[in-house]
Amino acid sequence: MIAGRRRFLTLMGGAAAASRFRATPAFAQPAPVKIGVLVITSGIAAPVGESGQRGVRWAANRINAAGGILGRKIELVIEEESNPKDTVERFQKLALQQRVDVISGGISTAVGLALGPVAEDLQALWLSWDATTQKGVEETLPKPKYAFRSVDNEAEAVMAALLTVKHFRGKFRTVAGINNDYSYGRDCWATFLAILKKHNLGVTPVAELWPKLGTTDFTSHVAALQQAKPDLIFSSFWSGDAPILLKQAHAAGLTAGTKLVFSTAGGVHESLKKAFTPEGMILGYNSMYFDAPNASGLLRQFVRWQHETFKEWPNYESDHAYFTIVAYKTAVERAARAIGGRWPSTGQIIEALESVEVESLSGMRGYRS
Amino acid sequence: MQKILNLACGSFYALGAYFGVSAVRWALGAGVPAPLFVAVLVGSGLALSVIGPLIERILRTIYGRDESLQLLLTFALVLMFEDVIRFFWGTAPQQLGGVYLVYGQVHLGSLTIPVYNLIVILAGGAVAALMGWVLARTRFGRIVRATAENREMSEALGVDIARVYARVFTLGTALGTVGGALVIPATAAMTGMGIELIVEAFAVVVIGGLGSMRGAFVGALIVGVLEAVAIATYPELEMLAVYAIVIAVLVLRPAGLLGKATA
Chain A
24 MIAGRRRFLT LMGGAAAASR FRATPAFAQP APVKIGVLVI TSGIAAPVGE
74 SGQRGVRWAA NRINAAGGIL GRKIELVIEE ESNPKDTVER FQKLALQQRV
124 DVISGGISTA VGLALGPVAE DLQALWLSWD ATTQKGVEET LPKPKYAFRS
174 VDNEAEAVMA ALLTVKHFRG KFRTVAGINN DYSYGRDCWA TFLAILKKHN
224 LGVTPVAELW PKLGTTDFTS HVAALQQAKP DLIFSSFWSG DAPILLKQAH
274 AAGLTAGTKL VFSTAGGVHE SLKKAFTPEG MILGYNSMYF DAPNASGLLR
324 QFVRWQHETF KEWPNYESDH AYFTIVAYKT AVERAARAIG GRWPSTGQII
374 EALESVEVES LSGMRGYRS
Chain B
546 MQKILNLACG SFYALGAYFG VSAVRWALGA GVPAPLFVAV LVGSGLALSV
596 IGPLIERILR TIYGRDESLQ LLLTFALVLM FEDVIRFFWG TAPQQLGGVY
646 LVYGQVHLGS LTIPVYNLIV ILAGGAVAAL MGWVLARTRF GRIVRATAEN
696 REMSEALGVD IARVYARVFT LGTALGTVGG ALVIPATAAM TGMGIELIVE
746 AFAVVVIGGL GSMRGAFVGA LIVGVLEAVA IATYPELEML AVYAIVIAVL
796 VLRPAGLLGK ATA
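So the sequence lines, in the order shown, correspond to chains A and B.
If you read the first sequence in my numbering, its first letter stands for residue 24, the second for the next number, and so on.
If you read the second sequence in my numbering, its first letter stands for residue 546, the second for the next number, and so on.
Here are a few chain B residues that face chain A, going by a calculated C-beta distance under 10 Å:
id, residue
1, Q650
2, S655
3, T657
4, V660
5, G737
6, M738
7, E783
8, M784
No lab work stands behind these hints: they were computed from the structure.
On a predicted model such as this, the values are computed, not experimentally measured, just so you know.
All residues carry an ideal CB built from backbone N, CA and C; glycine is no exception.
Generate coordinates for the entire structure from the input sequences, incorporating the hints supplied.
Spelled out as structure tokens, the structure:
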């Protein structure tokens with residue numbers, strides 16, 4: 024029964040996809056390329072979502088100003104990313120009702136794990152911004168074709184651990200973790216510990232705390248950390264909860280004698296104030312640091328635009344989001360060249376995407392199959 | 546007292562938080578010294594309680610009606626207030642930077658406690674004591690208790706019920722808005738915060754007993770301490786511990802620890 028239903032959905036998705044992605048004649052009046060965008064716009068992760076949306080808009084504006092993709096202007100169709108169930112419905116709306124050409128977006132791992140199978144069922148090309156954890160991907164997406172992820176598994180936790188090894192080796196014996204209670208938080212903590220172990224640091228975990236995403240009162244967590252007395256605290260908080268935790272920890276004196284490694288909090292650096300952000304902590308900026316000394320001309324242009332427009336310095340989500348749009352454009356153009364300049368099919372675009380490498384805000388980035 | 550299950554109390558808390566952020570930003574920008582921000586927060590919360598009589602006027606239409614209707618109407622208000630917040634403040638979380646640290650910390654042995662936390666704890670205790678005194682010792686409190694006990698008799702004795710209801714509701718609104726404002730320096734105002742609070746408040750009310758002020762006080766202490774102990778000892782039990790108590794109270798003492806059983 025279940026198999027029958029899945030088959031039916033697949034057929035329906037296939038039929039919809041076939042009509043949606045019908046090739047556009049080369050000399051017809053160019054209709055816009057519709058790009059669906061899923062953005063977190065409310066709650067604690069809104070600043071990260073907003074940053075991604077700015078990356079997409081900047082990419083679309085530049086591409087449109089230069090003539091679009093094969094002469095077709097980009098039209099963005101924005102929908103909200105919230106919980107997995109509602110976001111799946113909006114994804115379906117973008118694919119089936121709005122009939123977009125590609126869907127860009129998706130930050131939360133929980134949402135990403137839910138969207139993957141839907142993208143495959145609907146045969147809708149989806150370029151996620153983040154959704155970085157590996158857990159569950161093999162089970163839910165054994166052979167993904169339409170779903171592309173723009174980041175590596177827990178890359179920021181890996182880098183934070185390596186920086187910890189480099190800077191703090193021999194300077195701490197106990198470690199505590201405070202991470203969000205879902206796959207990303209748990210995977211980052213496990214990754215961090217595994218790398219410390221691999222480098223034989225001989226540290227002992229003394230506390231593991233799992234506040235749910237969206238928690239804003241960490242009084243009890245801070246007290247528990249004080250009680251555990253770790254030499255180093257690791258956190259993979261990536262949204263508005265990071266500055267709140269730091270503020271409450273600092274007020275309770277926790278940051279004074281403890282080393283801090285926050286792998287992903289650079290995403291909300293606008294809210295990290297000097298008054299409660301201690302010097303000497305490792306603060307992860309993920310793929311892109313807005314003030315990188317070796318910044319490319321592209322990054323400098325984007326940073327200038329964002330600061331002049333919004334009076335804020337951008338974070339990594341702009342990079343992920345920008346990359347998806349430019350990668351799509353490059354793949355379409357490359358696929359079109361191979362077939363005489365016509366608009367390629369989704370399958371041809373996917374084939375081109377699987378080996379695409381483009382300049383993004385953080386440097387050269389690509390997808391692999 | 547009105548025998549109404551008001552979900553919109555969470556919205557008063559959220560509105561108080563957002564209004565407090567804006568008021569403190571405005572005050573600091575206007576040159577008000579940073580240490581006075583607590584007064585600005587309390588003032589903004591009290592000022593916002595003017596919405597109390599307006600909401601009470603809407604709720605007056607469902608006094609004595611079925612509880613499901615009350616839940617639906619007050620939940621509709623919650624959703625409307627969420628949109629009001631989005632309209633005026635946008636969707637990004639609103640924070641107050643470092644004002645939380647302006648009063649410094651006190652050190653008690655190995656403990657470091659932010660002075661602002663002590664101010665809020667003391668303010669909470671003072672408000673509870675004041676409410677207790679008003680209800681037990683003042684003429685207004687006696688009228689409130691009499692009306693809660695027997696509305697018809699109070700009305701027959703000349704109490705202006707509509708006025709008492711409006712004043713009590715406004716008082717409750719002020720507690721919500723001031724509470725929301727005071728929580729902001731250490732945290733952030735964000736969409737959905739009112740709904741989060743409703744869930745926690747339900748656990749407090751079920752444990753303490755609906756309609757009992759002492760019960761609410763005891764219920765809040767139980768929930769707060771239980772969460773803190775769970776986080777310090779076995780974090781996985783944080784939610785489970787609270788709702789295990791809720792279930793135990795519902796099974797063993799459905800009216801709550803200090804609530805009055807109804808026939």
